[in-house]
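Please build the complex by placing chain B on the supplied structure of chain A, with the hints as guidance.
Protein chains in written order, with the numbering used here: chain A, 876 to 1142; chain B, 876 to 1142.
It is worth saying that the hints were derived from the structure and are not from the lab. Among these hints, one or two may not hold up.
Using 25 Å as the maximum straight-line C-alpha spacing, the simulated DSS-like pairs for lysine-lysine come out as follows [claimed, not checked]:
no.	chain 1	residue 1	chain 2	residue 2
1	A	K1109	A	K1009
2	B	K1103	B	K910
3	A	K988	A	K1009
4	B	K920	B	K1103
5	A	K920	A	K1065
6	A	K910	B	K1031
7	B	K1065	B	K890
8	A	K988	A	K1031
9	B	K928	A	K920
10	B	K1109	B	K988
11	A	K910	A	K1103
12	A	K1065	A	K1109
13	A	K928	B	K928
14	B	K910	A	K1031
15	B	K920	B	K988
16	A	K1109	A	K910
17	A	K928	B	K1031
18	B	K1009	A	K1009
Computed beta-carbon distance windows for the label pairs [said to hold, decoys possible]:
no.	chain 1	residue 1	chain 2	residue 2	range
19	A	K928	B	G938	21 to 29 Å
20	B	G938	A	D894	56 to 64 Å
21	A	A1134	B	S908	54 to 62 Å
The beta-carbon is built from N, C-alpha and C at its ideal position, and this holds for glycine as well.
Protein chains: 2
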Amino acid sequence: MKNKEELWVLKVGGKVLEDEMALATFLDQLATSGKRFILVHGGGKHASALAEKLGIPQQMVDGRRITDEATLELALMSYAGLLNKKVVAQLQGRGINAVGLSGADGNTVPAMKRPVGDIDYGWVGDPIPGEVNKLFLLTLLHGNLSPVFCALTHDKMGHMLNTNADTMAQTLAIAMSHHYRVKLLYLFEKKGVLRDLDREDSLIPLIRRTDIQALSDTGVISEGMLPKLQNAAKAVEAGVEAVLIGAASQLPHILSDEAESATHVID
Amino acid sequence: MKNKEELWVLKVGGKVLEDEMALATFLDQLATSGKRFILVHGGGKHASALAEKLGIPQQMVDGRRITDEATLELALMSYAGLLNKKVVAQLQGRGINAVGLSGADGNTVPAMKRPVGDIDYGWVGDPIPGEVNKLFLLTLLHGNLSPVFCALTHDKMGHMLNTNADTMAQTLAIAMSHHYRVKLLYLFEKKGVLRDLDREDSLIPLIRRTDIQALSDTGVISEGMLPKLQNAAKAVEAGVEAVLIGAASQLPHILSDEAESATHVID
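With the rest of the complex left out, here is chain A (with noise of 0.2 Å):
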């Protein structure tokens, strides 16, 4: 287990890319830290805005947004065009061989459509663990080639499907923890876990999976990051070597294993 090599597989949201200074830092970063990745980003701020000038009405349910034809074509040009292709551009233009990929391309990240139950999502997936190309990805990760996926994948029956991006990285994470060591790493506004939402200083450097529920139950976590940490716990159960939620803002000392620079989630 220890010859593996590391991989880091980074989701980063919105925010940092909608955000020309924020993103030039992060990917300056990211190409200058030597590590070998698979990137992964959100993107739905600029969809919305999209959405609104183009008068495409939009409805979000906990936070999800319920995906009709319009809102697929919308999260189509948003994620796999404008957003993914800015960032490709700009790992080439910083030395990094990047290659943009949805789910759909080289069949990367199959996925099931959502069943309707109480609320119909729409052209909504979750994607199939056991089927993600892992060769594919190995060939593209031995070729030196830095994968840039966007949130979307598809139904193998000739449709896109919009994708949580948080799941779309745990996916890649744990297809490829049997061949490196992974880290996952959710990069977010906030330092990482905090017992305190308002201050940066109560962070929490390290979780054990199996401290989450009672963490939970105490309300040492809030209801915002549950989810994160579930998703976090499922990656690291399934072999992912750690699962850390940190700032954009602090990616080097991040990247560089520095104590206290993230939440580190092990098994």
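Showing chain B alone in chain A's frame:
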């Protein structure tokens, strides 16, 4: 030379892409042909429609789109996003392991921003033929992946560039011609190069590269066709086995090398 494998580089225009039925038929025929291929697609009409909806004025000079920043964003959304992923997902649905790419992805097609002369085309680029990332393309093709290119490239300095789709296809065809017997197929509305534009039965089945100038001088070929033929001439001169110019509706006949199914341009 004889034992090189055959590779088709097909360029399909916007009209087929925007007609759901025509696209489905085209992809059915391509998927069942069993041919190894690289597909290059245009898509100007969707971008134009989007420009109108978003109130972004479009300026065309000699049929070429002046590409300011807003127009480049339209191209990214439309070509690299919506159209590219639609085609990839539909090919996947037909059992073809397609991977959608721009020239920035994997640094496949680096380009040079067109110098500002009498006209400033903006973010428009012309591919640098010697710099195509052949190794990456060969890796994909050997892995039974089918690259699907939109006509966008990059300047290797962080910026995407709008590129002519015919030129993109020609560049890829030439780059692959050392490794495959490449047939470059330009699909459009007519059956091929016609002596009389109104009569499909006036097809010129074979044109030698060295005949093009005379055909142009004597007015046999129309002004609109000349750039395509010059493009074709350059391709066959550089090692592409044949350039075929024909109608998307004739695809099965063309792919099975039926006589009079398209115009063949050879060296």
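Hints, verified against the model:
This hinted pair checks out: K1109(A) and K1009(A) have alpha carbons roughly 19 Å apart, not beyond 25 Å. Between K1103(B) and K910(B) the CA atoms are separated by roughly 24 Å; this keeps the pair inside 25 Å, and the hint holds. A hinted pair counts as satisfied when its Cα atoms are at most 25 Å apart, and K988(A) with K1009(A) qualifies at roughly 21 Å. About 20 Å separates the Cα atoms of K920(B) and K1103(B), which keeps this hinted pair within 25 Å; it holds.
Restraint check for K920(A) and K1065(A): the C-alpha separation of about 19 Å stays at or below 25 Å, so the hint holds. As the CA atoms of K910(A) and K1031(B) are separated by approximately 21 Å, the hinted pair is consistent with the 25 Å bound. Distance check on the hinted pair: K1065(B) and K890(B) sit about 12 Å apart at the alpha-carbon level, within 25 Å; holds. Distance restraint check for K988(A) and K1031(A): the Cα-Cα separation of roughly 10 Å lies within the 25 Å cut-off, and the hinted pair is therefore satisfied.
As the CA atoms of K928(B) and K920(A) are separated by approximately 19 Å, the hinted pair is consistent with the 25 Å bound. A distance of roughly 21 Å separates the Cα atoms of K1109(B) and K988(B); the hinted pair therefore holds under the 25 Å criterion. Note on K910(A) and K1103(A): the hinted pairing holds, with a Cα-Cα distance of about 24 Å set against a maximum of 25 Å. For the proposed pair K1065(A) and K1109(A), the alpha carbon gap of about 22 Å is at most 25 Å, so the pair holds.
A distance of roughly 8 Å separates the Cα atoms of K928(A) and K928(B); the hinted pair therefore holds under the 25 Å criterion. A hinted pair counts as satisfied when its Cα atoms are at most 25 Å apart, and K910(B) with K1031(A) qualifies at roughly 21 Å. At most 25 Å may separate the alpha-carbon atoms for a hinted pair to count; K920(B) and K988(B) meet this at roughly 23 Å. Only pairs whose Cα atoms come within 25 Å are accepted, and K1109(A) paired with K910(A) is accepted, the gap being roughly 24 Å.
Simply put, K928(A) and K1031(B) have alpha-carbon atoms about 31 Å apart, too far for the 25 Å limit, and the pair is violated. Taking the CA atoms of K1009(B) and K1009(A), the gap is near 23 Å; set against the 25 Å cutoff, the hint holds. For K928(A) and G938(B), the Cβ-Cβ distance of about 28 Å falls inside the hinted range of 21 to 29 Å, so the restraint holds. Look at G938(B) against D894(A): about 37 Å separates their beta carbons, and that is not inside 56 to 64 Å.
Roughly 58 Å separates the CB atoms of A1134(A) and S908(B), a value that falls within the hinted 54 to 62 Å.
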